[in-house]
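Here the protein sequences come in this chain order: B and H.
Using UniProt numbering, you'd call the opening residue of the first sequence number 1 and step up by one each time.
Using UniProt numbering, you'd call the opening residue of the second sequence number 1 and step up by one each time.
Derived by calculation from the structure, the hints in this document are not laboratory data.
Here chain H is said to cover these stretches of chain B; the calculated rule only asks that three of the stretch's residues, wherever they fall, bring their Cβ under 8 Å from a Cβ of chain H:
no. : stretch
1   : 17–25
2   : 42–48
To give an idea of the chain H side of the interface with chain B (calculated C-beta under 8 Å), a few residues:
no. : residue
3   : P65
4   : R66
5   : P67
6   : Q127
7   : R128
8   : S130
9   : P131
10  : F132
What follows is a list of derived Cβ distance ranges for each label pair:
no. : chain 1 : residue 1 : chain 2 : residue 2 : range
11  : H       : G151      : B       : T28       : 28 to 34 Å
12  : B       : E30       : H       : L148      : 29 to 35 Å
13  : H       : R206      : B       : E18       : 42 to 48 Å
14  : H       : T270      : B       : V34       : 46 to 52 Å
15  : B       : P23       : H       : E288      : 54 to 60 Å
16  : H       : G151      : B       : L42       : 17 to 23 Å
17  : H       : R249      : B       : P23       : 32 to 38 Å
18  : B       : Q6        : H       : A39       : 45 to 51 Å
19  : H       : T247      : B       : D61       : 50 to 56 Å
20  : H       : H268      : B       : K68       : 57 to 63 Å
Just so it is clear, CB atoms sit at the ideal spot from N, CA and C, and this is done for glycine as well.
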Amino acid sequence: MTMTEQDILAGLGKIVNEITGIPAGEVTPEKSFVDDLDIDSLSMVEIAVAAQDEFGVEIPDDQLKNLKTVKDVIGYIQG
Amino acid sequence: MSTDRVRVVVTGVGATTPVGGDAESTWSALLAGRSGVRALTEEWVDALPVKFAGVAAVDPAGVLPRPEARRLDRSEQFALIAAREAWQNAGAPTVDPERLGVSVSSGIGGINTTLSAYDTFKEKGWQRLSPFTVPMLMPNGPAAWVGLDLGAMAGVHGTVSACASGAEAIGYAIDMIRTGRADVVVAGGTEAAIHPLNLASFAAARAMSMRNDEPEKASRPFDRSRDGFVLGEGAGVLVLESLEHATARGADILAEALGVGYSADSYHITGPEPDGRGVILALTRLLEHSQLDPAEIAHVNAHATSTPAGDVIETRAIAKALGSRPIVTSTKSMTGHLLGGAGGIESVATVLALRDRVSPPTINLDDLDDGIEVPIAANAARELPATGRIAAVNNSFGFGGHNVAVAFATV
Numbered sequence: 001m002t003m004t005e006q007d008i009l010a011g012l013g014k015i016v017n018e019i020t021g022i023p024a025g026e027v028t029p030e031k032s033f034v035d036d037l038d039i040d041s042l043s044m045v046e047i048a049v050a051a052q053d054e055f056g057v058e059i060p061d062d063q064l065k066n067l068k069t070v071k072d073v074i075g076y077i078q079g
Numbered sequence: 001m002s003t004d005r006v007r008v009v010v011t012g013v014g015a016t017t018p019v020g021g022d023a024e025s026t027w028s029a030l031l032a033g034r035s036g037v038r039a040l041t042e043e044w045v046d047a048l049p050v051k052f053a054g055v056a057a058v059d060p061a062g063v064l065p066r067p068e069a070r071r072l073d074r075s076e077q078f079a080l081i082a083a084r085e086a087w088q089n090a091g092a093p094t095v096d097p098e099r100l101g102v103s104v105s106s107g108i109g110g111i112n113t114t115l116s117a118y119d120t121f122k123e124k125g126w127q128r129l130s131p132f133t134v135p136m137l138m139p140n141g142p143a144a145w146v147g148l149d150l151g152a153m154a155g156v157h158g159t160v161s162a163c164a165s166g167a168e169a170i171g172y173a174i175d176m177i178r179t180g181r182a183d184v185v186v187a188g189g190t191e192a193a194i195h196p197l198n199l200a201s202f203a204a205a206r207a208m209s210m211r212n213d214e215p216e217k218a219s220r221p222f223d224r225s226r227d228g229f230v231l232g233e234g235a236g237v238l239v240l241e242s243l244e245h246a247t248a249r250g251a252d253i254l255a256e257a258l259g260v261g262y263s264a265d266s267y268h269i270t271g272p273e274p275d276g277r278g279v280i281l282a283l284t285r286l287l288e289h290s291q292l293d294p295a296e297i298a299h300v301n302a303h304a305t306s307t308p309a310g311d312v313i314e315t316r317a318i319a320k321a322l323g324s325r326p327i328v329t330s331t332k333s334m335t336g337h338l339l340g341g342a343g344g345i346e347s348v349a350t351v352l353a354l355r356d357r358v359s360p361p362t363i364n365l366d367d368l369d370d371g372i373e374v375p376i377a378a379n380a381a382r383e384l385p386a387t388g389r390i391a392a393v394n395n396s397f398g399f400g401g402h403n404v405a406v407a408f409a410t411v
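With the rest of the complex left out, here is chain B (with noise of 0.2 Å):
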């Protein structure tokens, strides 16, 4: 993996905004999805999948429930 958390953060705004329509530059690291972003559980499945296709990192949902902001997505998918 030599993905850079830039990387990482930049494939995360356009899934976000293919998704909700949120800008993608509103997707910074200490943003919470749901606090912030105001992203609902459905649609954190979505964008489960689509990092999923990104990234080739699977995320199970016992570990999606976990990941509260955007860094801790970054993390999981750096590992």
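We have chain B already, so just place chain H on it with the hints.
Relative to chain B, chain H alone:
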């Protein structure tokens, strides 16, 4: 007319159809006699005996923002677009959420989603299904999304009666207001069923036109050489409101919604009863519910789908129940048959016919079939009486023997 009865009016219309992306473009296309039926170009038509349909003039997925479009089935997209247009057309009223209702139906629901999701499941597994699969395929989905969009809390309903669904939804909405459950109800019908399985299934029922060499001439209600219906897609939605509520906010009133008549043939699961007894019963009950004298009815937007069996039976029933004065038309000659969407867009057309006092034409009527004793607006729009109160009726019938008729009048 008794004075204690709640009067219901139409204050907004919205539509997206095979002939136009909104109500006014649809209406001007209908008056001009333009067909929205065209040859399908998808590869799958090779396997089908029917190779044409009334495809929506404007792709709904291109109208809605992408995040919204991707979680709505096409039938829900049509409904939301038509409902938003109707709501704006009504002046985007401020309504107590607990007094605002929705009644929007589809005959089949999100069948494109059902079928494509099953393909996804078989090819890629359950994890790849959209988490929105269920709300996309459920037949109450269009009503639910419209209700969420407008913040309606008085009740959100999706009555289902095949091709009578849209008209039944409007009838249900009239009663919601009349019985005091709501002041404003957004009501109509939607359908997005152009899929090879549906075309094949209706063809298997021997219900569809197979005039593949002349798609624009395939939908020809009342014509001797008609050979079946043409599938269309889209939605039509009305904003219905108590007269008191509309007057208090100074709304423009397009027409009065007088009432609804229901019946069932109780005869055959798909075929119409040959004497039209069920249709006559629905029209008789419509007159009672609407407190309407048939002499006031100037126009009927008929169900007439261009099937050999149905069209003549319907005109006989109209003549028996309403007399032979109303000018009858079938706008399905131009839009095709939108199934659950039909009652929605045809009620929009009926309201606009009263507003402009003109009946849209029935196109492709080259040779009137025997036994039709009502005046048909054959091939050209016909003016309706220019003065005085006039009423108009929208008929919708469905597989299962459902008959629904809705009446409107000028104000």
